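Visitor: In case you want the letters, here they are:
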Amino acid sequence: MKRRSITALCLATVVAAAVAATTSGATQKATASNLVVWLQVDAQSSWPDVVAAASQKFQADHPGTKVTVQYQNWGDHLQKFDATLAGGGGPDVIEMGNSEMIKYMAAGAFASLDKSSFDNNATWLGGLAKSGRYGGKTYGVPYYAGSRVVTYRTDLFKKAGITKLPATTAQYVADAAKLFKVDPTKGFSPLYIAGTDWYVAMGFVFDYGGGIATQVSGKWKGLLASRQSIAGLTAYKNFFAAVSRASKTTDEAHPNPYDVYAQGGAASMIGQSWFTCCVGAKYKADTAQFVMPGHLRGQALPGFQGGSDLAVPVTSGDKSLASDWIKDFTSTSSEKALQAKGNIPNATNLLGNSVNERAAARSWFVPSAKHWADVENGNILRNMLQQILTGKLSVKQAAQSASDNITSVLNQP
Amino acid sequence: MSEGTSTTAAAGTLLGTSRRRRRVWGRAAGGAVPYVLIAPVVVVIGVVLGYPLYWLGKLSLEHYTLFELIRHAGTWVGLDNYRSVLSDQIFWHTLLRTVIFTAVNVGLTIVLGMLIALLLVRLSTWVRLLLTSGLVLVWSMPVVVAVQIFYWMTNFQNGVVNSILTKLHVGDFSQHDWYGTTFSQLGMVTLLIVWGALPFVVITLYAALAQVPRDLVEAAEVDGATSFGIFRDITLPIIKPILLILTSLSIIWDFGVFTQPYLLIGQSKITPNNFLMSIYLFEEGYFKSDYGRGAAISLLMVLMVGLLSIVYVRKMVRIGVSE
Amino acid sequence: MTRRRGRRVRQAGWDAVGLAVFVVMVFPVFWMISTAFKPDDQIVSLNPTWIPWRPTLSHFGAAIHKPYFWEDVKNSLIVVGITVAISIVLAFLAAVALARYGFSGRALFILMVIGIQMLPQAGLIIPLYVVLADYHKTNTLAGVVITYLTFVLPFCVWTLRGFLLGIPKELEEAAMVDGSTRLGVFLKILLPLMAPGLVATSVFAFITTWNEYIFARVLLNDQSKQTITVWLSYFYGSSRHTDWGALMAASTLTAIPVVVFFLLVQRRIAFGLTAGAVRG
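Residue numbers (the working numbering), protein chains in the order written: chain A, 129 to 541; chain B, 40 to 362; chain C, 76 to 355.
These are computed hints drawn from the structure, not numbers from a lab. Treat the hints with care, as some may be off.
[As the list claims (entries may be wrong)] Calculated lysine-lysine pairs in the PhoX-like style (CA-CA distance at most 25 Å, straight line):
(1) A/Lys292 x A/Lys410
(2) A/Lys194 x C/Lys244
(3) A/Lys469 x C/Lys141
(4) A/Lys286 x A/Lys410
(5) B/Lys354 x A/Lys314
(6) B/Lys354 x C/Lys141
(7) A/Lys410 x A/Lys314
Since the structure is predicted, the reported quantities are computational estimates derived from the model, not experimental observations.
Can you build the whole structure from these sequences, using the hints too?
Guide: This is the structure:
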């Protein structure tokens with residue numbers, strides 16, 4: 129008897145709860161009264177005030193329209209986006225990594241924007257601006273950029289007798305020899321670079337005048353097997369052997385360079401400028417940054433221009449409102465606020481003199497090919513670096529094979 | 040003495056008096072009742088998965104990439120997707136690798152599960168409780184978290200595993216990269232999966248073992264049977280149905296496992312050389328945004344795992360029929 | 076005397092093995108919990124710190140204060156509670172049909188139940204989203220519940236059928252002879268014997284749905300509506316550094332409800348799995 133009434137009660141509760149849950153919220157539709165913005169969770173943790181300020185200004189200019197910002201993860205935001213492209217209910221504004229843009233632009237996922245309506249559009253950073261253009265139209269507005277710098281231990285450099293920061297990679301190799309003497313522990317790296325860190329390795333390729341791929345009359349051609357590229361890769365191989373004791377097969381996130389640094393396992397490391405957040409309390413006071421030099425004096429090593437763009441999906445309910453929000457979020461004042469948080473603003477006339485921004489002066493970017501994402505996801509460059517560093521293949525062989533691979537992948541229909 | 044056994048005993052006496060009666064409900068009878076009973080499940084699954092299954096089938100016969108997704112219309116290509124997948128060397132290598140991987144994982148899970156369950160029977164109460172609770176703790180960890188911790192423990196820079204092995208003088212494992220070779224990577228994944236699968240298997244098998252009548256075992260011991268003999272002749276036949284269920288479920292799960300290998304090996308280290316079927320599907324269907332091909336691979340996977348587990352599934356289906 | 080001593084030595088031996096297995100299995104969980112209490116410098120240190128001698132609660136503080144923690148816990152409990160409740164009821168009914176009745180279409184139903192478990196879920200994300208969008212159930216907990224039901228039901232049906240097969244039909248027939256109605260038999264004989272099996276299946280359903288991630292991620296937009304696994308993903312979803320201490324603390328917190336649920340029901344499990352499946 130008791131069991132019976134309990135069962136009935138449970139069933140009733142379940143039904144009631146189900147009904148309640150059903151009616152308690154509909155799909156967040158992008159209508160004229162609600163603008164949905166997708167930003168990455170970086171913004172939520174590092175500059176929520178900049179986001180809030182932009183939304184406030186927008187709401188002041190457009191009374192009656194609410195702005196809802198939903199934060200996404202880099203790992204699965206595209207899966208979510210794809211689902212909304214198929215079924216609706218997507219955002220009005222979406223933050224995309226600059227290398228993620230091309231595939232979606234080519235597929236027609238975004239609405240074209242009027243470039244002239246955005247602040248500083250004439251002086252947008254070259255790489256970022258390029259990542260948002262396709263077929264002569266603008267689909268992405270540069271949001272912010274980041275480059276790579278060297279973060280180093282001033283005390284160790286001093287102890288090693290390095291009075292002037294290295295101005296060429298050759299100088300760095302010489303300095304590394306001194307740093308090895310300061311700390312002979314096994315595994316200690318004068319300059320920590322992860323083996324398959326293609327962001328650094330390709331910098332060498334571009335420094336020597338090589339490239340990854342180029343378009344010749346409509347068809348893509350891999351450039352890694354060119355004389356200059358091979359020179360760059362060989363230089364990287366030798367440089368790595370001289371300065372880094374990192375694993376040859378692991379990437380730049382396993383482990384994080386700053387974790388190695390924080391344990392005293394590296395005298396310097398190449399990475400984003402925000403690495404200083406996590407160098408550990410012990411070394412925080414003795415940490416500074418400088419621009420990574422190239423092989424020629426006076427020239428920085430080309431740094432990968434990372435960054436994000438903001439785009440308006442075609443599924444948006446009100447594209448002009450979306451464009452207005454982007455305008456407010458990338459306005460000069462907003463960009464200056466982002467700059468204050470340690471980012472690189474989206475236009476050259478806004479650039480300051482921080483190490484991060486100086487490093488951005490010489491940069492490289494991936495080919496704007498529809499299928500570039502397949503090259504990255506297929507780890508073609510990483511595998512090539514692994515083969516080169518472990519000696520499994522000669523530089524020439526590995527580069528040739530990677531170049532052929534890239535050519536065929538990029539030329540897919 | 041379990042509740043069930045005493046009820047059975049009681050039923051036995053009742054049976055004596057009712058054997059003359061015809062079976063009041065058995066396989067033949069029922070009319071509309073069974074349909075009513077399965078209706079809710081069929082409706083839920085049908086309503087929700089009906090369209091996705093149709094979508095999968097339709098897409099497998101179309102050229103459907105991101106471009107088509109945005110326009111909600113694909114182009115018919117017939118069996119081209121299947122042909123392209125079946126003629127892809129990577130598919131066959133991946134299939135072989137996944138079959139071996141599944142066999143190793145299922146084998147380890149069942150064998151280790153069986154051994155630990157047998158161990159549980161012999162433990163004193165407090166150790167048994169401790170071990171069972173520990174297994175539950177393991178079972179309750181979200182997969183994503185388990186992967187993070189496992190990676191944390193085995194990373195070459197400061198992983199505990201390396202320092203333990205070095206301290207125990209098993210060798211010099213400082214800075215040993217457990218994710219350097221394909222074999223090592225899949226080995227780590229196997230460890231992680233088996234570790235995560237053991238709690239469910241052990242607890243289930245332990246319960247099954249508790250059902251083996253002690254008097255039968257003791258009688259056999261008196262007759263001089265070895266432990267192995269007892270296990271083979273008495274225990275195994277009794278727990279066979281549970282073993283079948285666990286094996287078939289393990290095959291299905293381990294064949295299609297995705298999260299553990301994908302997160303543990305990491306996107307940057309995943310190459311066709313260490314693809315597993317689910318990762319191959321993910322790379323082809325999601326990263327390349329070739330949804331048509333992805334759908335074809337999905338359906339082929341169902342076929343493959345169906346073939347792999349058919350022996351066990353058939354046995355389980357038969358169990359109900361032979362009454 | 077010697078025999079008893081020998082038995083005790085053997086018992087101690089088995090216990091030692093049991094403890095060793097315990098240590099090996101539980102070590103990663105221990106590592107997670109201890110890391111949650113370690114100050115940052117100990118977490119990344121080259122020499123692993125076994126027991127945090129200077130424990131800190133700051134990571135737990137950071138975890139709890141991360142936006143929407145309590146809302147997302149509530150959402151997870153709602154989603155999982157409803158899913159488990161509905162799926163047990165529906166699956167039980169279907170299992171009764173499979174175990175006790177013969178009817179045309181039985182084979183087809185079994186095929187569907189097994190076949191769905193074989194489907195790779197990755198391929199279903201987009202079409203499932205499209206279906207739910209059509210019914211305006213995206214970004215709702217109901218949509219997530221419905222999705223989870225479709226994946227949990229087949230397993231529950233299959234397992235409960237196994238338990239049902241273990242209950243001899245003669246019991247029910249005997250009760251019918253005594254004059255009970257079919258419903259009476261159902262409630263007085265079947266349900267009590269099945270309770271342990273129902274509990275065991277519900278634990279599995281609980282754990283599976285509690286830890287589910289990708290469908291919840293894709294279907295739920297508002298942070299106030301998300302489940303706890305999505306909340307957890309924000310700890311490692313950024314392109315910047317991961318706060319390991321906070322992540323471990325957060326993970327420990329998300330594991331608690333599962334353990335609590337299991338500890339509450341675990342006594343019935345060993346019994347339940349026994350009474351049913353084995354007899355088949």
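Visitor: With reference to the structure, classify each hint as holding or not holding.
Guide: Hint check:
Between the alpha carbons of lysine 292 of chain A and lysine 410 of chain A the distance comes to roughly 24 Å, so the proposed pair stays at or under 25 Å and holds. Taking the CA atoms of lysine 194 of chain A and lysine 244 of chain C, the gap is near 63 Å; set against the 25 Å cutoff, the hint is violated. The suggested pairing of lysine 469 of chain A with lysine 141 of chain C holds, with an alpha-carbon distance near 20 Å, which does not exceed 25 Å. Our distance criterion of 25 Å between C-alpha atoms is met by lysine 286 of chain A and lysine 410 of chain A, whose separation comes to about 17 Å.
The suggested pairing of lysine 354 of chain B with lysine 314 of chain A is violated, with an alpha-carbon distance near 58 Å, which exceeds 25 Å. Between lysine 354 of chain B and lysine 141 of chain C the CA atoms are separated by roughly 50 Å; this puts the pair beyond 25 Å, and the hint is violated. With a C-alpha separation of about 21 Å, the suggested pairing of lysine 410 of chain A with lysine 314 of chain A holds against the 25 Å cut-off.
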